[in-house]
Amino acid sequence: MEIRDMTALEIGDKIKKRELSCREAAGDYLDAIRNEGQTVNAYITVMEEEAYRQAEAVQRRIDQGEDLSPLAGVPIAVKDNICTKGTKTTAASKMLNNFIPPYDATVIERLYQGGAVIIGKTNLDEYAMGGSTETSYYGITRNPWDLDKVPGGSSGGSAAAIAAKLAPYALGSDTGGSIRQPCAFCNLTGIKPTYGSVSRYGLMAYASSLDQIGTMGRDVKDCAAALAVISGHDSKDSTSVMKNAFDFPKFVSSCAKDGAGSSDRKLAGLKIGVPKNYFDIGISDEVKSTVLEAGKTFEMLGATLEEFEIPAVEYAVPAYYIIACAEASSNLSRYDGIKYGYRSEQAKDLMEIFYQSRSEGFGKEVKRRIMLGSFVLSSGYFDAYYKKALQVRGLIKRSFDETFTKYDMILSPVSPTTAYRIGGQIEDPLAMYLADIYTVSVNLSGLPAVALPCGFGSDGMPVGMQLIGKAFSEEVLISAADVYQNNTDYHKQSPVKGGQGK
Amino acid sequence: MKITDDLIDYIGELSRLKLSDEEKAGAKKDLTDILNYMDKLNELDTTGAKEMTHPFDEANRFRNEDSINDDQREAMLQNAPGVKGDYFKVFKTVEQEGKEWK
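Which chain is which? The protein sequence lines are S and F, in order.
1113 is the number of the first residue of the first sequence in this note's numbering; add one for each residue after it.
18 is the number of the first residue of the second sequence in this note's numbering; add one for each residue after it.
Chain S with its partners taken away, still in its complex shape (with noise of 0.2 angstroms):
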């Protein structure tokens, strides 16, 4: 089998039986992006360099007989929001083109400490801001089963990446589904963990209350190897809460009680809740049926289903965007010119460096939410706007508790549709919020969420679903995640080459 056809997983314990080297690994994945990189445009920036040296240092600790992570050597792309020293970090903005961040973000520090070897940058929607990698100042990101289409975002260059076997597994950021959707549109699966369940130091803030660093890949196992070494308290991020990190070598030991990686294992006592009303609103047929049959195979494996309703559904898109765009605008209001980011050269006193550089130094939509946001918190609209949303907030977190109380996990598609045309929404910002409507409740909610193929569209394209379960249950949706992915194959299936579709 190609290296490029392996699960990350699978190139790790290659690596580690030393029948591949840490350099060829790197060596295979950064001559692909050579070649083939420019068609999906995945990456910002890609660290040959810098990953040859990082691969050659954590061979010599492999041969020393470290005990690493079981990623240790294994290639990964990390979302340009994410700071590596010395490493240009851009967030994909004008703002930020020359920014060479002094200090590692701490999921980059631990991935260096579990052995891992950095390829690249990927491209994202400007500040994560957007559902389509189209907003990015280094120009769009290609869907790499359909080139006209958008590979989702705002992690499109992570999931692109993946998709074009440009990387085995990436870090991505989601704030109100950024990595789930990506996911969906490329047939990937994608973890979003529950909020402060890894630390956000080094993360560039989007909405504080809401990001959360997460992993993306080809399966489940993958994703939830990679959780482990970002995952963990750390006292550089306030927010970052005092749990253990996730334990994979745990979960791989509890799976093989069960018959781990067979197609035996089941999902016996499993309550899984489907909210009926998700599939009732301006949901694509295709997208409804193929959820709801993966919902079969779930029963089929042994999880009792049952549909419920979940209150408040549509009050969450406008909820979602009231705080997001708030706190965008408080967390932007940084970029003025001063210590780093884009200057002007137009600007004649302090005050016209301020309004010149982030006049020209962010994009559309970026302003879009920065006016929004600073609209919302303004005296006289504060209470009908932002305090309102912060009490539906309450509403919506309080109906998901409610759920939890009689189900192990919830049921939800992903995105209402297939990936779309390129161009085919930008022009429309409501309509590309209002398409956010099933992944913002999870971040509102603070919800843990893994996100993986289950099919596809009569026009070839990738669909996703989600299974969403209450803070801290990641090893139950794991858990279920693989057992469907040991049972089913669409997760295994890639793009034909030069996009076509399935």
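The set of hints was computed from the structure by calculation and includes no laboratory data.
Heads up, the beta-carbon is just placed ideally off N, CA and C, and yes, glycines get one too.
This list has only true hints and no planted wrong ones.
Here are the computed distance ranges between Cβ atoms for each label pair:
no., chain 1, residue 1, chain 2, residue 2, range
1, F, Gly65, S, His1345, 32 to 38 angstroms
2, F, Asp88, S, Glu1114, 43 to 49 angstroms
3, F, Asn59, S, Asp1540, 21 to 27 angstroms
4, S, Lys1408, F, Asp26, 54 to 60 angstroms
Fit chain F to the supplied structure of chain S, relying on the hints for placement.
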């Protein structure tokens, strides 16, 4: 919610963004659409509902105030758009002769 030209100017000021006429017109249309949609929240009675600012009730955990970073003057300054010697270079921020501080 009626978005007036004055309100757009005010929001631009709050956001520290200078908007072209075309941008203002676009912002007016987009904000009108989006805020009209957001008014949907008024359908919900939230009287007495608690505002939720954070997913969990747990308090922030502060670390001890120990200095853990090295001196990184060079790495910091290399990102600055204007540098003079070892300092960030900016326009004068106190009153300038004949020019009022705005």
